[in-house]
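Enquirer: Residue numbers (full-length UniProt numbering): 1 to 218.
It is worth saying that the hints were derived from the structure and are not from the lab. The structure displayed is predicted, hence computed values, not measured ones. Among these hints, one or two may not hold up.
Said to hold, decoys possible - Label-pair distances were calculated between CB atoms; the ranges are: (1) E193 with P120: 29 to 35 Å; (2) P133 with V47: 17 to 23 Å; (3) G78 with P153: 40 to 46 Å; (4) P120 with P153: 20 to 26 Å; (5) Q54 with G115: 33 to 39 Å; (6) D114 with E193: 34 to 40 Å; (7) D65 with P133: 36 to 42 Å; (8) G46 with D111: 20 to 26 Å; (9) E193 with T170: 30 to 36 Å; (10) P194 with G80: 40 to 46 Å; (11) T99 with P194: 29 to 35 Å; (12) G78 with A184: 40 to 46 Å; (13) P120 with D154: 33 to 39 Å.
Glycine is no exception: its CB is placed at the ideal position from the N, C-alpha and C atoms.
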Amino acid sequence: MTSPQQDAQQRPLPTSQVAKRVAYSAAAGAAALAATTADAQISYSGVQDLAIGQFSSQSLNIDGDAYNDILLKNYVFGGGNYQGATVAYAPGQLVGFTTGLTYATALSAGDPIDGSTVGPSFFGGLAYGAVNPDAQFNNATDAYIGLSFPSGPDTYYGWIRVTIDNAAGTFVVNDWAYNTVSGAGIAAGQTPEPGTLGLLAAGAAGLAAARRRRQDAA
């Protein structure tokens, strides 16, 4: 004799329940496919940890075309150590704000980067001690710069993760990513799921870009 639990497991499901389970499975499969597709559209550099020396700058070619997309600066001016960012070409912009001076916003993981959040400018201060009192990157660990940048007629959205200590004059570019679909936004920190084609392709591109930078510096 079987237990009630075993008996229930052995009975065939009513047709309505079978239909519901099929529908739920189909919906779950569609959601998983959509998530995988979205992940595959994200091109990710892999961890780079590029240190920008004082009195120096670092250009990033985020999408791997013939043009650099953003200039990251670690300078020393009369007011002290300065870190800043400038998107290279119009109509690219930073996610930022103005309070008399123009700043880049220090984004947290998950913050949206799209046409509604970029602006108002293509440049912004990250940190400049007391000279830039509203700067958000004075002592930033794993903070995100959000940006849009053009490639031909298209506009793309991406992020750059940075670690900055303004007082010490240190600026490290940890990694970056962008959505390869023109006009489509990205969340700060969003990367492809492990194993997706987007991650594999971006990893190769990131290594190639790093090699080019080392060769240029040599």
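Enquirer: Determine for every hint whether it applies to the structure shown.
Expert: To see whether the hints hold, each was checked on the structure:
1. Restraint check, E193 to P120: a C-beta distance of roughly 34 Å satisfies the suggested window 29 to 35 Å.
2. For P133 and V47, the hinted distance range of 17 to 23 Å is not satisfied, since their beta carbons lie about 32 Å from each other.
3. One distance hint, 40 to 46 Å for the beta-carbon pair G78 and P153, holds here, with the actual separation near 41 Å.
4. Roughly 23 Å separates the CB atoms of P120 and P153, a value that falls within the hinted 20 to 26 Å.
5. In this structure the supplied range 33 to 39 Å holds for Q54 paired with G115, their Cβ-Cβ distance being about 35 Å.
6. Between D114 and E193, the C-beta spacing of about 21 Å breaks the proposed range 34 to 40 Å.
7. Between D65 and P133 the C-beta distance comes to about 37 Å, which sits within the given range of 36 to 42 Å.
8. Checking the proposed 20 to 26 Å range against G46 and D111 shows it holds: the Cβ atoms sit about 21 Å from each other.
9. Look at E193 against T170: about 32 Å separates their beta carbons, and that is inside 30 to 36 Å.
10. As the Cβ distance of P194 to G80 is approximately 42 Å, the hint placing it in 40 to 46 Å holds.
11. In this structure the hint that T99 and P194 lie 29 to 35 Å apart at CB is violated, the actual value being about 41 Å.
12. Against the hinted window of 40 to 46 Å, the Cβ-Cβ separation of G78 and A184 comes to about 42 Å, which satisfies the hint.
13. Judged by the Cβ atoms, the range 33 to 39 Å given for P120 and D154 is violated: they are separated by roughly 21 Å.
Consistency note: the structure conflicts with the earlier hints numbered 2, 6, 11, 13.
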